[in-house]
Amino acid sequence: MDLETVKERAGPRQFAPKDDMPEEYRKAATRMIQFHANSEVMGGYLEKPFIRQAPSIDRKLAFSAKVQDEIGHAQLLYRAAESLGVKTRDEMLDELARGDGKFLNCFHYPMESWHEVPMIAFFVDGAAMHRQATLKNTSWTPYAHAMDKVCFEEGFHVKHGESMLSELMNGSKATQEKTQAAFETWWPRIIQFFGPTNDKSVHNDFAQEVGLKTKSNDELRDTFLDTYVPKAEKYGLVVPEYPRIEYDEELDTYHVNEDDLNWDEFWTIAKNASEGSHEQINSRAQAQEAVEWVRESMHGWEGASGAGTPQAAD
Amino acid sequence: MPATLNPEDLDAEQRAALEELLFRLADDEYVHGERLIEWQIYAPTLESDLALANVAQDEFGHARLWYDLLEELGHTEAELIWERPADEFRHATLVELPFAEGDWADVVLRSYLYDAAERLRLDALVDTSYAPLADRVGKVLSEERYHLENAQSWLDRLAEGDSRDRVQDALDRLFPHALSLFAEPEHEAAIVDNGFRTMSTADLRIEWLETVIPYLESLGLDVPEPDEVERPSARGRDGTHTDHWDELAAEFRRTYDELEAPEPARIGRERV
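Chains as they are written, first to last, in our numbering: chain A, 1 to 314; chain B, 315 to 586.
Hints may be right or wrong, so weigh each one.
[Said to hold, decoys possible] Here's a subset of chain B near chain A, in silico, CB distances under 8 Å, partners left out:
1. P321
2. D325
3. A326
4. R378
5. S477
6. D479
7. T569
8. L573
Please keep in mind that the hints were generated in silico from the structure rather than gathered at the bench. Ideal placement from N, C-alpha and C gives every residue a C-beta, glycine not left out.
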């Protein structure tokens, strides 16, 4: 199929592995899905310490299940990315370990206290849900299928994140203040989750033309703000003065003043070049390197059935 | 004999005996889960990560079941987990030991030793006289069977080839701690006489040794002689623990302490 045909036919779940897709499409789709899969792994990495630090046994269980779900999503997404025939899963995981794999800006920052947890578990996950819901209509069918399951599970995560935020904002005055401070730190990063504004985005136009994306960064960011500004306020959080968020009465939508955001920081992170990028990529890589001997042993077992590569029980 | 005893039927001695039995069950599962989650994100493959996370959540789920039974006897979650002095936890030292980085042989072997013991212990509770316990054993036992199978199929593979030395190292290190699983409870006589458990701890120990030793030897591993092995001074069951335990307890209570002792949140279920 040539690129012109792809653009003509582009629509929800239009293309599948049986189709002969042009290289440009396969590469763009791989880049996008690999980024998504990497983000699941690195998000899980960031949240993992809080399984231990959760302040109730129910929250501990829910948080452990959440980190497990992120790995499950990564597994699904790497499979969807592999179906494009550009890279294998091992290649993509190696790239992540080497620091060449890209992932969401928010997961490049360290997370140190429980007050920060809902910033990821409610707002970032909420933003992710918002974006992923539109990707159920992506043109690459295996990606859309993965989104069906991911969105279903993320719904529970966001609910849990909301309940954590609510608990903190009903806590002591000191707890509320620390949560507000965490919100102020994370809020600009959360807005940047949706990527650069349309005019600065390198990949946006092509991805939309071939139906990989169905909404632009700007559209997604605006509609996210429409839902989450009121939610933040409902729990007593005060949206910081900067970046300025303006309400457009004519279009009935919120809009951020892009110039108030730190785009140098964003682009540094996009190159995996921030301090947090190094810290998080390298410690994960080190842990993976430490079990290389297990993977090597496993190569000798291939073809054997059973739990050498155990599947989840349910 | 059907389980007939309920919380309101217990006298002081029966209650103390039952609590001792429940604390061991709950603390073992909780602390084992707490160590297993260290492998989430770090397991060798995405598939083994998922399987391990499943097991860790089962353990936390079982711990919660057993702590719930203690709540029925009048304790609160705060007392049971978040505020209990660290030296009142009754888990065996086997489950509190930290993992060396990348030591997948440890997690596999530790899980095997523990799951084999857990299975025998639960089998001896199927016909318990305490009704709330009898109601829950079946579900836990079915999940523990899967854990044991998972651990064994890993062990079967890892005990072959170059990785066997790592398994042997883990066995030498962990076996003395595993023996503490079977330290006799203070209220052993009351536990057995009242039918809370239908097998004595001494018999459980023998059965466990008769299970694990032949199996490990069949994999070509050298199992230390149980009665000659040098035992660690900390035994866990009596409240003595290794230094790692204080550190672990402080870590998992960090948020609880920082938030100034909130009522532990429940998700989708009522407080008993």
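Tested hints:
no. : hint : verdict
1   : P321 : 21 Å, violated
2   : D325 : 30 Å, violated
3   : A326 : 28 Å, violated
4   : R378 : 5 Å, holds
5   : S477 : 5 Å, holds
6   : D479 : 11 Å, violated
7   : T569 : 4 Å, holds
8   : L573 : 6 Å, holds
Violated hints, in rising order: 1, 2, 3, 6; the structure is consistent with all others.
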